[in-house]
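What follows is each chain in one-letter form.
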Amino acid sequence: MSPTASASVIERRVLSVDTQRPVEFVDITPLLSQAVRAAGLLTGLTMVQTRHTTTGVLINENEPLLLTDLEAFFARVATAAGGYAHDDFCRRTVNLTPHERTNGSAHCRAALLRTSECVAVVNGALDLGRWQRVFLVEFDGGQRREVSVTLMGER
Amino acid sequence: MSPTASASVIERRVLSVDTQRPVEFVDITPLLSQAVRAAGLLTGLTMVQTRHTTTGVLINENEPLLLTDLEAFFARVATAAGGYAHDDFCRRTVNLTPHERTNGSAHCRAALLRTSECVAVVNGALDLGRWQRVFLVEFDGGQRREVSVTLMGER
Amino acid sequence: MSPTASASVIERRVLSVDTQRPVEFVDITPLLSQAVRAAGLLTGLTMVQTRHTTTGVLINENEPLLLTDLEAFFARVATAAGGYAHDDFCRRTVNLTPHERTNGSAHCRAALLRTSECVAVVNGALDLGRWQRVFLVEFDGGQRREVSVTLMGER
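Note that the protein sequences, when read in sequence, are chains D, X and Y.
Each residue of the first sequence is one higher than the last, beginning at 1 in my numbering.
Each residue of the second sequence is one higher than the last, beginning at 1001 in my numbering.
Each residue of the third sequence is one higher than the last, beginning at 2001 in my numbering.
Think of the hints as simulated: they come from the structure by calculation, not from any bench.
The model shown is predicted, which means the values in this text are computed figures rather than measured ones.
You may find that some hints are simply not true.
According to the in silico footprint, chain X covers these stretches of chain D (three or more CB under 8 Å from chain X) [claimed, not checked]:
(1) 49-63
(2) 76-89
(3) 110-123
We put the beta carbon where it would ideally sit given N, CA and C, even for glycine.
Can you build the whole structure from these sequences, using the hints too?
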C-alpha cells in the first residue's frame, strides 16, 4: 500500500562501554554508525540514551585538548570537594549498596549533560556536522556502562 | 502486509503536575509508565517535554539527599540574588503579566536542564537503568505545570 | 488497512541561519512552524538538531532582557578569559584549520546546552507552552549555521 509503511524500522540496540578512568569521554560515533547500517535505516532518527545517572551524552568535537578543557570545566562547575549530602553515609538511608561510591559531584555534573540526544539519519548515515561526534561522558568510572540506541524511520 | 505498519502507535498525552515549593523535583516516572501501558506501546520511544520555561526535565536518581545536593548546586551556579534584567520591571516592556514573578534565576537554571528527554520503550516498559527516574524539575513554584508526552512505536 | 500506516510522515529539512554577533539567540520557531506545515504533519514530533559544536538548541522565553541575562550567565559560568588548551595553537595538533578560532569557551558553553531538542506536534502545530520559543544559540558567531529538522508522525 503505502511505500513508507511497508519499510518502517523500529529497532533498539544496547551498546556496552567499559570506561577506565574516573572522568572519560568515550567517542561512540563508530558504534552508532554501525548500528544505523546494521538496521538498514535510510531516513529517520537515532535516539541515544545512557542508562546511568553519573554519565551523560554529549555531542561535541573530538579534539584531545578540548576534552581536557571540558573535563576541567565540569570539575570547576561541580567541584568534587566535599559537601554532598548524597555522600554522607551516616545520614543517608536510601539506595545504599554494599560498596557505595562517593559520587555526589558526578551526579551534579551528569545533570548538566543530557541523558538522551537525537541525531537525524539521512541517506543511511548519521547526519552529523563536520566536527560533531557523539560521546558517552563518564563522571564516575571506570565501570561497565550501557547505552540504549533506538532507531526509527524507513528502510 | 507489513507486520509493523499495522500496529504503529503515535499518541500524545498531557500530564498535569501541581508543584508546592519554589524548587521541587517531581518524580513523574509512574505517570510515564502508566502512559506507556495505556497506549499499549511495546517497542519505540517516549518523548517527555515540559511546556514551561522555568522548569526542566531531568533523568537522575531519586535519592532524597541527592535532590538537596542538586537543589544547592543549581542555586550556586545561578544565584537567586539580584542582577537579572528580566526582573527589572522598570525597564522591561515585553511579556509582562499583571502578577509578574521575579524569576530570572529560574530561567537560567532551567536553561541548564532540558526541555525534552527521550526514553526507549522495550517490551512494553520504559527502558530506564537501575537508578534512573524521570523528574520534572520546578524552579519557580508552586504552580500548575503541564508535561507533554509523545509515544511513538509499535503495539 | 491501518489508518495510521498509510499516512506516516518522515521528513528532514535543513534550516540555514546566518548569525551576526559572537553570542546570539536566534528564534527559529517561525521556521520550525513553517516546516511542520509544509510537511503536512498533524500528530507526532519535531526533532531539532544543530550541526555545530559551538552552538546549542535552547527552548526558553523570547524576552529581550532575559536573553541578556542568559548571555551574561553563560559568560559567567564559562569565562572567555584564557586557559583553554583547545586555544593553544602551539600545543594543538588535531582538527586545526587555516583560520582557527579561539573558541574553547564557546565549546564549554555549548556543552551546557543541547545539540537536539524534541517538540511534540499536535493538530498540525508545534505543541509549545505559552512562553516557549525554540532558539539556536550561537556562541562563536557570526557564521552560517545549519539546523537539521526531522519530522515524524502522521498526516
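- Query: How about the region 110-123 of chain D: do at least three of its residues have a C-beta closer than 8 Å to a C-beta of chain X?
  - Reply: n = 7 at 8 Å, threshold three: holds.
- Query: According to a criterion of three or more residues whose C-beta lies within less than 8 Å of a C-beta of chain X, is the region 49-63 of chain D covered?
  - Reply: Our answer is that it holds, as 5 residues pass the Cβ test (under 8 Å) against chain X, meeting three.
- Item | Whether chain X covers the region 76-89 of chain D (at least 3 residues having a Cβ closer than 8 Å to its Cβ atoms) | As far as the region 76-89 of chain D goes, the hint holds, because 6 residues have Cβ atoms under 8 Å from chain X.
In terms of the numbered hints stated before, the structure departs from none.
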